[in-house]
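Novice: Here's the letter readout for the chains.
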Amino acid sequence: MKLAELAERLRCELRGDGTIEVRAVRSLEEAGPGDVAFLANPRYASQAATTKASAIIVPADAGDLPCATLRTANPYLAFAEVLGLFHVPRQPPPGIHPTAVVAADARIAEPASIGAYAVIGDGVEIGAGATIHPHVTIYPGVRIGRSFTAHAGVVVREDVVIGDRVVLHSGVVLGADGFGFAPTPQGAVKIPQTGNVVVEDDVEIGANTTVDRATLGATMIRRGAKLDNLVMVGHNCEVGAHSFLAAQVGLAGSTKIGRGVQMGGQAGAAGHLTIGDGVQVVAQSGVPNSVPAGRIVGGYPAMEVTRWRRISAALLRLPELLQRVRRLERTVAGRSTPDDRGGD
Amino acid sequence: MKLAELAERLRCELRGDGTIEVRAVRSLEEAGPGDVAFLANPRYASQAATTKASAIIVPADAGDLPCATLRTANPYLAFAEVLGLFHVPRQPPPGIHPTAVVAADARIAEPASIGAYAVIGDGVEIGAGATIHPHVTIYPGVRIGRSFTAHAGVVVREDVVIGDRVVLHSGVVLGADGFGFAPTPQGAVKIPQTGNVVVEDDVEIGANTTVDRATLGATMIRRGAKLDNLVMVGHNCEVGAHSFLAAQVGLAGSTKIGRGVQMGGQAGAAGHLTIGDGVQVVAQSGVPNSVPAGRIVGGYPAMEVTRWRRISAALLRLPELLQRVRRLERTVAGRSTPDDRGGD
Amino acid sequence: MKLAELAERLRCELRGDGTIEVRAVRSLEEAGPGDVAFLANPRYASQAATTKASAIIVPADAGDLPCATLRTANPYLAFAEVLGLFHVPRQPPPGIHPTAVVAADARIAEPASIGAYAVIGDGVEIGAGATIHPHVTIYPGVRIGRSFTAHAGVVVREDVVIGDRVVLHSGVVLGADGFGFAPTPQGAVKIPQTGNVVVEDDVEIGANTTVDRATLGATMIRRGAKLDNLVMVGHNCEVGAHSFLAAQVGLAGSTKIGRGVQMGGQAGAAGHLTIGDGVQVVAQSGVPNSVPAGRIVGGYPAMEVTRWRRISAALLRLPELLQRVRRLERTVAGRSTPDDRGGD
Chain A
1284 MKLAELAERL RCELRGDGTI EVRAVRSLEE AGPGDVAFLA NPRYASQAAT
1334 TKASAIIVPA DAGDLPCATL RTANPYLAFA EVLGLFHVPR QPPPGIHPTA
1384 VVAADARIAE PASIGAYAVI GDGVEIGAGA TIHPHVTIYP GVRIGRSFTA
1434 HAGVVVREDV VIGDRVVLHS GVVLGADGFG FAPTPQGAVK IPQTGNVVVE
1484 DDVEIGANTT VDRATLGATM IRRGAKLDNL VMVGHNCEVG AHSFLAAQVG
1534 LAGSTKIGRG VQMGGQAGAA GHLTIGDGVQ VVAQSGVPNS VPAGRIVGGY
1584 PAMEVTRWRR ISAALLRLPE LLQRVRRLER TVAGRSTPDD RGGD
Chain B
1284 MKLAELAERL RCELRGDGTI EVRAVRSLEE AGPGDVAFLA NPRYASQAAT
1334 TKASAIIVPA DAGDLPCATL RTANPYLAFA EVLGLFHVPR QPPPGIHPTA
1384 VVAADARIAE PASIGAYAVI GDGVEIGAGA TIHPHVTIYP GVRIGRSFTA
1434 HAGVVVREDV VIGDRVVLHS GVVLGADGFG FAPTPQGAVK IPQTGNVVVE
1484 DDVEIGANTT VDRATLGATM IRRGAKLDNL VMVGHNCEVG AHSFLAAQVG
1534 LAGSTKIGRG VQMGGQAGAA GHLTIGDGVQ VVAQSGVPNS VPAGRIVGGY
1584 PAMEVTRWRR ISAALLRLPE LLQRVRRLER TVAGRSTPDD RGGD
Chain C
1284 MKLAELAERL RCELRGDGTI EVRAVRSLEE AGPGDVAFLA NPRYASQAAT
1334 TKASAIIVPA DAGDLPCATL RTANPYLAFA EVLGLFHVPR QPPPGIHPTA
1384 VVAADARIAE PASIGAYAVI GDGVEIGAGA TIHPHVTIYP GVRIGRSFTA
1434 HAGVVVREDV VIGDRVVLHS GVVLGADGFG FAPTPQGAVK IPQTGNVVVE
1484 DDVEIGANTT VDRATLGATM IRRGAKLDNL VMVGHNCEVG AHSFLAAQVG
1534 LAGSTKIGRG VQMGGQAGAA GHLTIGDGVQ VVAQSGVPNS VPAGRIVGGY
1584 PAMEVTRWRR ISAALLRLPE LLQRVRRLER TVAGRSTPDD RGGD
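Residue numbers (my numbering), protein chains in the order written: chain A, 1284 to 1627; chain B, 1284 to 1627; chain C, 1284 to 1627.
It is worth saying that the hints were derived from the structure and are not from the lab. Nothing here was measured: the structure is a model prediction, and the numbers come from that model. There's no promise every hint is true.
What follows is a set of in silico ranges between Cβ atoms, one per label pair, in the way DEER data are often shown [said to hold, decoys possible]: (1) A/Thr1557 with B/Thr1467: 50 to 56 Å; (2) B/Gly1470 with C/Pro1376: 41 to 47 Å; (3) C/Gln1374 with A/Val1371: 38 to 44 Å; (4) A/Ser1573 with C/Gly1315: 33 to 39 Å; (5) B/Pro1376 with C/Lys1285: 53 to 59 Å; (6) A/Gly1470 with B/Gln1374: 23 to 29 Å; (7) B/Glu1393 with C/Gly1378: 27 to 33 Å; (8) B/Gly1301 with A/Ser1573: 46 to 52 Å; (9) B/Pro1342 with A/Arg1506: 36 to 42 Å; (10) A/Ala1343 with C/Asp1388: 44 to 50 Å; (11) C/Gly1315 with B/Pro1466: 26 to 32 Å; (12) A/Arg1292 with B/Pro1466: 50 to 56 Å; (13) A/Ala1392 with C/Asp1388: 40 to 46 Å.
Built from N, CA and C at the ideal position, the CB exists for glycine as well.
Produce the complete structure using the sequences and hints provided.
Specialist: Structure below.
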């Protein structure tokens, strides 16, 4: 494809020779002539200065570079699109593999690709365009929308409801029993987890992430939410539309995450909280209380991030502060009565 | 069922009209006429005040509510029981699915439900009443008690021993090799993990949790312990009877957790520790040393929780404290020799 | 085996009766006559003093013990070797199980053991000596070296490249899509993850660990690296040769870990960092910035560990420090103008 055509398809401003032929997308380091590369993170600016790529997708206001540039207000979007243009993903063959065990009353709309040893339970409904890889288990009563993708080893428990264009990576478990027990003197008694999980449209869930079914009602993953790998969403939680949970995040039961929330890796939230729309939680933070919309919080326990940074900075000076107080105490004690002397 | 009968079955004190017919259990928000709801957490008291439920299970000392109440000293237990009364879980059909691969010398007591593509290895023994969902793999030499439940995708490695009424959720891996290597100048040499895992009666283990086999001897999960999702139990650990490990907890190798211990989500314990009976560990804490029985610990490194809370509170005032010390230094310096002045 | 012969095989110095017959390896607590035990961690020295073992493998400089000792500079290595001598692991039968679905053009060198329901995709190449347990899914285009072991439920996504003697435990997912999305006003657009994962020789990866495929290029796990359970390696990361990542460690995207790095359990590193050769990261730490080679870092945010320990120690005295400052303020205020008084 000629660079000029590519620029048009990506809705980018082209600076450079539009007749250059481009054939692949590569990283700044690995790119050579005929390749398009990508620069959005300033950390990699020095690689851009020496890249052998024929062209680079850059932010609209990027400085001059030694090769052609494709400029755009949203370089990540242009990058996503150019990868889609040049990368042809492997597609499993259409049809139902002869080893798949599909219940007689399951309804799978065509076209569909159902892999080897997939197990589809009684009464399951799956919309058109599904790609179900080997060893996926769909328990009875599950309802799934159009263009569903489930990678090898996914488990969807009974009565879970899934919207359109949902992607589940390998090892995802949707609808395992929530962690609920009634303590008694003879040991804990299991509280039946009678609800389900509802996953709305355009949700993507990363490898080995678990979303537990509700005790009553539904654990909700709202439209457009993206969950990374090894995330835990407890029973009766709600993850708001277009929220992002990075890897290893944990949400205890009944916590409600608003719309457009971003939680960094390994962050956790206690149960029964409300985390407002647009909240950002710094990686590894612990959120013990509800957070109003729009806040950026960090630390443990999580607080307004500017405050937490100030405290973290002060903390670095704490050993020195101890010495300064000791020195003050000596100075003051030299001129005061013994009663005033602080201990050490 | 009439409310009076329900109260009797649940051993609750009924306040209200015992002739009301109840048909389902729903949350306070979703309940309508004919529904029983549940209130134990005071956070939801306002929902109870406006619920349309016909009756609510409440603690014995709850205030008056606008509907009938079922009062009990253990509302969680009554809630567990009422869910069991009204919820009929889906049960897979009895018998061994024709696609299951069961070793000729495996012994599976009847009745049993073995799902599609389950793989049961040589010499495995499974007690009566097992429900093994599709794609479960039981390696050779495993011994399992009565009323076993393993959800789709569970893996039980060779020679693991499992008691009665154990529930394993999808993705659980019991008996993977412990993380043991001998460092050498040529790289790490694997230390064979020759022990196993022993899971006693009435244990429930959450989705994608891993319990590693011992180097020698057994990694122990004692009677009645409950592990949530994505927990890691290292080789040669022991989790005491009736202990609770919340999601994403991690135990490094050879740590012994006592009876009735509770660890909050994402908490971790170092290796070779002893955590005494009844200890409570706050979520996200890090436990670097052994903890005597009965303590409540939190923070990182974990300490007595009251002390940790005091320190956390003091931490919030640290930036202000720095300013106060600076001010003191100036005040004192104004009346003292230059040598006494603290730096800033 | 006679103790003298065992000492020779393990290249240990024998102190004691070389004619003793030994038949098994057991822990210090469980060992009896005829057993070899092992002592490296001083925590267990008291158990060594009372063990009934016939011999103990100990460090070269260990004190006298009440039984024979096998002394070596690397007791962990001798322990690994003695376990290998006395423990015969269960081996699945050779050959391809009739239920395995192997693509017509997949090439699997002999000997190989391919378990029930394994699925091997188009064009896959696997070197001699593979042991692939039941329910493993190898997507198309994967290339694997010699002596590969994959436990039940492993998933290797398309085009992943794996070296020789690699061990993958159950539930490992190699090559799931990295977590990359371009934000737009209409919601996040997926950035195709077009790269792969390359795992070099002698790597072992623990149960339910996930290593995501690169956006472009490869996520690299270098020679001899060992990853414990439930670890998350983000897209485009590189884990250096002979590095150790303990359980539940998380690496955000594009972070490069040097050679011989050790990260403790539940530690995390932000994205786009460089962590130098030989760095040690304390358990549960959070690494927000790059770390030069050779450093030992801890805390959150992670810093030089000696500094962090000093700060942690000072932190314990913070409530007391607040009181001392208050006392100082009162003392000084008693002799100064009201303007100087610090607030409380």
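Novice: The structure should be examined with respect to each hint, and the outcome stated for every one.
Specialist: Going down the list of hints, with the structure as the test:
1. The given range of 50 to 56 Å is respected by A/Thr1557 and B/Thr1467, whose C-beta atoms sit roughly 53 Å from each other.
2. Here the CB-CB span from B/Gly1470 to C/Pro1376 is close to 30 Å, at odds with the stated 41 to 47 Å.
3. Between C/Gln1374 and A/Val1371 the beta carbon distance is about 41 Å. The supplied range of 38 to 44 Å therefore holds.
4. For the pair A/Ser1573 and C/Gly1315, the supplied restraint of 33 to 39 Å is violated, since their beta-carbon distance comes to about 58 Å.
5. For the hinted restraint 53 to 59 Å between B/Pro1376 and C/Lys1285, the CB-CB distance of approximately 58 Å keeps it satisfied.
6. For A/Gly1470 and B/Gln1374, the hinted distance range of 23 to 29 Å is satisfied, since their beta carbons lie about 24 Å from each other.
7. The beta-carbon spacing between B/Glu1393 and C/Gly1378, approximately 32 Å, falls within the hinted interval of 27 to 33 Å.
8. Restraint check, B/Gly1301 to A/Ser1573: a C-beta distance of roughly 39 Å breaks the suggested window 46 to 52 Å.
9. In this structure the supplied range 36 to 42 Å holds for B/Pro1342 paired with A/Arg1506, their Cβ-Cβ distance being about 38 Å.
10. Range check, A/Ala1343 to C/Asp1388: about 47 Å between beta-carbon atoms, so the 44 to 50 Å window is met.
11. Judged by the Cβ atoms, the range 26 to 32 Å given for C/Gly1315 and B/Pro1466 holds: they are separated by roughly 30 Å.
12. At about 53 Å, the CB distance of A/Arg1292 to B/Pro1466 agrees with the hint of 50 to 56 Å.
13. At about 31 Å, the CB distance of A/Ala1392 to C/Asp1388 disagrees with the hint of 40 to 46 Å.
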